[in-house]
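Enquirer: The lines below spell out each chain.
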Amino acid sequence: MNLELFFIAMVVALLFLMLCNLYRVVAGPTVIDRMLGMNVIGIKTTVLIVLIGIIDGRVEMFIDITLAYALLNFITTIAAARFYQRIAQPAPPEPRESLTAPSAGPLVEEADAAAAEPDSEKEENK
Amino acid sequence: MIGFDILVILMMLTGLSFFVATTVGIIRFPDFYSRVHAAGKGDTLSTSLFLGGVIVYLLRDFSGDALLTAIKLLLIVFYIFIASPTATHAIVDAGYEFRVPYWTRTSDRTGKAGTDENGENKFYPEDLKG
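Protein sequence lines, in the order shown, are assigned to chains E and S.
When we follow this note's numbering, the leftmost residue of the first sequence carries the number 553, and every step to the right adds one.
When we follow this note's numbering, the leftmost residue of the second sequence carries the number 3, and every step to the right adds one.
If you are wondering where the hints come from, they were derived from the structure by calculation, not from laboratory data.
Since the structure is predicted, the reported quantities are computational estimates derived from the model, not experimental observations.
Ideal placement from N, C-alpha and C gives every residue a C-beta, glycine not left out.
Each hint should be verified, as a subset may be incorrect.
Claimed, not checked - List time: in silico SDA-like cross-link candidates among lysine to any residue, alpha-carbon distance up to 25 Å:
1. S:LYS74 to E:LEU624
2. S:LYS43 to E:VAL563
3. S:LYS43 to S:LEU76
4. S:LYS43 to E:LEU600
5. S:LYS43 to E:ILE627
As the list claims (entries may be wrong) - Label-pair ranges, simulated between beta-carbon atoms:
6. E:ILE607 to S:SER65: 15 to 25 Å
7. E:ALA561 to S:VAL26: 17 to 27 Å
8. E:ALA565 to S:ILE84: 25 to 35 Å
9. S:GLY66 to E:ALA631: 33 to 43 Å
10. E:LEU567 to S:LEU9: 52 to 62 Å
Based on the provided sequences and hints, a complete structural model is requested.
Expert: Right, here's the structure in full:
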């Protein structure tokens, strides 16, 4: 039994589903909806490339393309999600410059001051 | 031989039905969070079923090349099984930090949820609509 016609039907069905998902990418009310739609389309594309490889008769070559595409899709989604997550968050406070390296111990004056006034430092910590 | 073919057809049709369910969920659900729910579950399982069907199809006439290709496909299945829920989690995390409005009883079916009694969007930043 030759399954080639069945695989072609599966490819057509997957293309139709990708077109349906494209509606969410175009009409999604927020940016995050568009990202979700593109992620789903990318996952479908990995399956589509494998099926095209089977129809073409050179699965060994198309498998490597599929692996690269899956990796790229994942990295793109993670990067876009992190980008919009960082936009949503408030700006971080300005980093405080220290005179010495972080690995160095406290300065002698600072250590003396901390030893002389322990109460004020506790209040600051509160 | 024909048993393998029937197994391939069954796995791919099951995967296609899950893909259809995912697509219908993504199009029809009213809310970003429920859309993520539909996308994250269905895609992972249906991709695994599709690629499993391809593995069975390749291994039905056994050879060394077919075995190597099947192992690579198994690697892709394992990778997608880990990466797809991770990507979905990153997306829903970004949406939660973005304060995407969730669906309530007063919202309409277009997904623009979270309106107060005056019809104004409560937490819908203007720069998100684009």
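Enquirer: Provide an ascending list of the numbers of those earlier hints which the structure does not satisfy.
Expert: 10
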